[in-house]
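S.K.: Residues in the sequence shown are numbered from 2 upward in steps of one, following this note's numbering.
Simulated from the structure, these hints should not be mistaken for lab results. All residues carry an ideal CB built from backbone N, CA and C; glycine is no exception. Do not take every clue at face value.
To be verified - PhoX-like, lysine-lysine: derived pairs with alpha carbons at most 20 Å apart:
no., residue 1, residue 2
1, Lys216, Lys308
2, Lys308, Lys227
3, Lys121, Lys379
4, Lys216, Lys227
What the hints assert, rightly or not - What follows is a list of derived Cβ distance ranges for each label pair:
no., residue 1, residue 2, range
5, Leu343, Thr482, 23 to 33 Å
6, Gly444, Thr162, 45 to 55 Å
7, Asp94, Gly49, 42 to 52 Å
8, Thr256, Asn327, 19 to 29 Å
9, Gly478, Ser320, 50 to 60 Å
10, Lys479, Asn323, 27 to 37 Å
11, Thr81, Pro341, 30 to 40 Å
12, Asn327, Gly438, 12 to 22 Å
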Amino acid sequence: MPVTVKSAAKSRAARQSRAIRRHELTGGEALESRLALANTVGLIQPAGPEAFAGYTLFGSSTAPRTHLIDNAGQQVHQWTSSYAATSSYLLEDGRLLRNCILPPSMKDFNNNGGTGRIEKLDWDGNVTWSFDLSNPQYQLHHDAIVMPNGHILAIAWERLTSQQAVAMGRNQATLNPAVNNELWPESIIEIDPAVASGVVQSGLGSGIVWEWHMKDHVVQQLYPNKPNYLGANGVRQHPELINLNYYSKGAAADTHRADWAHFNAIDYNAATDQIIVSSREFSEIWIIDHSTTTAQAAGHTGGNAGKGGDLLWRYGNDSAWNGGPNRALFWQHNVQWIRPGLSGAGDILVYNNGWYRDNAGTSYSSVMQLRQSPAYGKAGLVWSFSGPPSFFSPIISGAQRLPNGNTLVDVGARGQIFEVTATGRIVWRYVNPDMAGGPVRQGTVPTALNVSGTPGVRMNLTFRALRYAPTYAGLAGKTLTPTGPIERP
């Protein structure tokens, strides 16, 4: 039944209650119309009884600050760095791991998602460790995570010249003269922070205890007299290998071309000793065996699965390996395994951005929970959520399964964060108020940002958001006194 709101009530609480009730009655209309009745930034929808109590970590990719807030939208801690960041993680020892976005003058590779630096900050914001990798051969980008043994798994571009790429069997016509016809295949490196630190001037430097290179696992079927040729139908016959001549097409594709695969997320499964990555430009997620030695990872045998560094599984876009027209993923981000003890443990969670899903330009985002099937290109859809148009984010974004079975969702391009139940009910909503110049005033809509002409991006874009339980080890003994909202009044 409808809720009566007195016309004279003009408090923030009254406006929020009215907006929330309207959302419940309509099933979720455009976010902008609700904000007109309540706040434009900060807490939009207070936590309902079904929300998971905890602390949410996030930051704007245009600002050097990382924030930790409670469910009331009150800041309980802030770290300030010299750089903005993509993903950040609160570690069990209480330190913050940040993937820092170095300025263009400090980077040798420049494309969206380039970072170049990983750093750890203590609770007081002091840098206790850093690793800079941006030189003519390699550069960090997008994401890096801490493994159970304390090592760090990171993704990095590797530069190949036009001559090197063509010699491997890449079609010269598919390279981009604006980027010197280069090709930047991906690398995955395992960093031992007890050995590796500082600025790496050349190559990968010391302290890299394991590595995987995309260029070691390619196939091409155009040039019989060049390497990596496995027959006229080699791409289809070898889905464990990566089509050297595949490149993304369409309105949402990156015209850069050198950034061929564009990994944007990495995760590790300790139980299986496997790595999963998200390739935006292939619109696929790939699983790789980490139980190999570095030598085995460069080949096609060895490791627990016996396949060396070849792909153990791939899903999302069958055309990437000439497997047919089926496609389920569209420029996805933040792939991860759901952690043990959580609802859906062992399944795969991914934010499917869904930009230009078809030739008609249909675009909508969804969060998908997948169950891996043995065959390449196959998975079962266990659960999914797709909301109103305001849920669409063409780039970045992510999701996290929470201990109560809900899912925290980051609509990254718009800086919106919300919690949704398994039945699709939104029980908490927040909009990041921070931008390059500092937090905006309440009532202000974050400024639009031009990212290669991508629609709907704002200056508060939020690469990743994570919620931590009050009992999380990294919060033990920490002062978590609310200090007020981040946004200015």
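S.K.: For every hint, state whether the structure bears it out.
M.R.: Going down the list of hints, with the structure as the test:
1. Lys216 x Lys308: Status holds; Cα separation ~16 Å.
2. Lys308 x Lys227: 23 Å, violated
3. Lys121 x Lys379: Between Lys121 and Lys379 the Cα gap is close to 38 Å, so the pair fails against 20 Å, i.e. violated.
4. Lys216 x Lys227: 14 Å, holds
5. Leu343 x Thr482: 23 to 33 Å: 29 Å, holds
6. Gly444 x Thr162: 45 to 55 Å: For Gly444 and Thr162 the Cβ distance comes to about 52 Å; the hint holds.
7. Asp94 x Gly49: 42 to 52 Å: For Gly49 against Asp94, whose Cβ atoms are near 33 Å apart, the range 42 to 52 Å is violated.
8. Thr256 x Asn327: 19 to 29 Å: 25 Å, holds
9. Gly478 x Ser320: 50 to 60 Å: 52 Å, holds
10. Lys479 x Asn323: 27 to 37 Å: 52 Å, violated
11. Thr81 x Pro341: 30 to 40 Å: Since the Cβ atoms of Thr81 and Pro341 sit about 34 Å apart, the hinted range of 30 to 40 Å holds.
12. Asn327 x Gly438: 12 to 22 Å: Distance hint for Asn327, Gly438 is violated at roughly 45 Å.
Hints 2, 3, 7, 10, 12, counting from the list given before, are not met by this structure.
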